[in-house]
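Student: Chain by chain, the residues:
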Amino acid sequence: MKKRTKIATLLTTLALTASMAACGGSSSSDTTTAAAGSSAAAADTSAAEAQTVYRTLDEIKESGTINIGVFSDKNPFGYVDENGEYQGYDVYFANRIGEDLGVEVNLVSTEAANRIEYLQTGKVDIILANFTVTPERAEEVDFALPYMNVALGVISPESNVITTLDNWNADDQMIVISGTTAETYLINNYPDIPLQKYDSYATAKNALENGNGVAWANDNTEVIAFALQNPGYEVGIPELGNKDTIAPAVTKGNTTLLDWINDEIKSLGAEQFFHADYEATLIDTYGADYEESLVVEGGEVPAN
Amino acid sequence: MPDLGIEVLFKGKNMLRLLGGLWTALRISLIAVVISIPLGILLGVLMTKKNRMLHAILRVYLEFIRIMPQMVLLFLVYFGTTRSFGWDLSGEVASIIVFVLWGTAEMSDLVRGALISIPKHQYESCEALGLSRTQTYLYVIIPQTIRRLIPLSINLITRMIKTTTLVLMIGVVEVLKVAQQIIEANRMNSPNAAFGIYLTIFLLYFLACWPISLLARHLEKKWR
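Here the protein sequences come in this chain order: A and B.
Here the first sequence stands for residues 460 to 763, numbered as in this note's numbering.
Here the second sequence stands for residues 2 to 225, numbered as in this note's numbering.
If you're looking for bench data, these hints aren't it; they were derived computationally from the structure.
Keep in mind the model is a prediction, meaning the values are calculated, not measured.
Cβ atoms here follow ideal geometry from the backbone N, Cα and C, with glycine treated the same way.
Heads up, some of the hints might be wrong.
Stated by the list, open to error - Estimated spans, in silico, between C-beta atoms of each pair:
(1) B:156 / A:619: 52 to 60 angstroms
(2) B:160 / A:653: 42 to 50 angstroms
(3) B:68 / A:619: 51 to 59 angstroms
(4) B:152 / A:597: 47 to 55 angstroms
(5) B:200 / A:653: 35 to 43 angstroms
(6) B:193 / A:627: 32 to 40 angstroms
(7) B:24 / A:595: 35 to 43 angstroms
Using the sequences provided together with the hints, build the complete structure.
Tutor: Okay, here's the thing in structure tokens:
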């Protein structure tokens, strides 16, 4: 008799848990509609998002911790060193933000593909992950003032340095990596240049070394680093096309935090903070020659 | 001997960090396994029942989880719950929830399959012997089912361990993420480190999954 009641209780408990699990399954299917197509659905879900997802400046100060999303595997912008400590250009700035706000910094490892999602759900307060400002992204998040420049660059062997894309010899081919901004830019602006497309960095690198193409177009930070590591190559065109900038981003509408960051970037300009940052973190990779062209100080992009 | 860049493993705390990452991966998968196996068994048993309503619900649940890529489920649970309900789950909790949902669904189908593969005469013989329903399950059906289930569930468990590589997408730093961090941090001075590090990860996963296979083989022999 006793045994039977025990079994009965056990079964009831299990059945309850199971029904909960089943509900969990079906309710998450409801959220599919809300979360699928993340960005596009953002506006429609406003009904579901009754509460504001982000934390204001005061709330962050009160909590004593700021969550900042950085890359953990993009040397030298945000990476983790052999002792498990975050390092890099973005991290250097993140730590300064924490110091000036008087709060602890909690660095969160993000991926290129989930940076916007992190901000839109308020899971981080700021993204400092080498985030290039684009009009599409600016619709999803709020960008602060920039702290770095990026552009395209073209690298070629020292024996035949390419310094201009005008009057291109139609027999020569340009190496690009598929899907990069370099590819799009060249197709749109120099349709006459024959492109040799590769899927990965490694294969493009081999192609340049084997002389399959006369030059390689890529992000200028990449080609500059390549030239420094591989003697015999020179960045003939360090800046090509539109200059893009890299800036901190906050959740759309978080104006208190955005204003604070903008003021911070302006006041840091007085002490040449980002030059110090470059010298601490980027100089080994890019050398001193590119300091002026890569660093944006005080949020002011020099007109060119 | 080609240069595999193994030396970066011995820099600073790199080896310890990799092992810490492996522990994170194992913790997520093992907690999920411990919760989802009993739940899966229960749901599997319920699926063999004739109740239409119950059957439909469980079927929808199973198909939903089976069709969705785990990556989408992770995003749904981690970001989706914040968007829709304002829950701020940590990456690790979200991963455990997804792995439990997934493990339970797959396990329930394995159990259902194992149960219906028990021939009808086994039940009828029990009835002829005058065994009660509980006794029939306890002494005849379940022991046979478990034997059929072992290789299948081992397959599921090792798959769950290996699929933890996806949780890096929701900010959980597990062994693969640590590996990428180490490789990138040494991009300049040891460009070949990727080979050595991935080889190490292969060994780590092997060491984590091999004992489970051994245990399964042992059980299969013991219960033959």
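Student: Flag every earlier hint the structure violates by its number, smallest first.
Tutor: When the structure is compared with the hints, none of them turns out to be violated.
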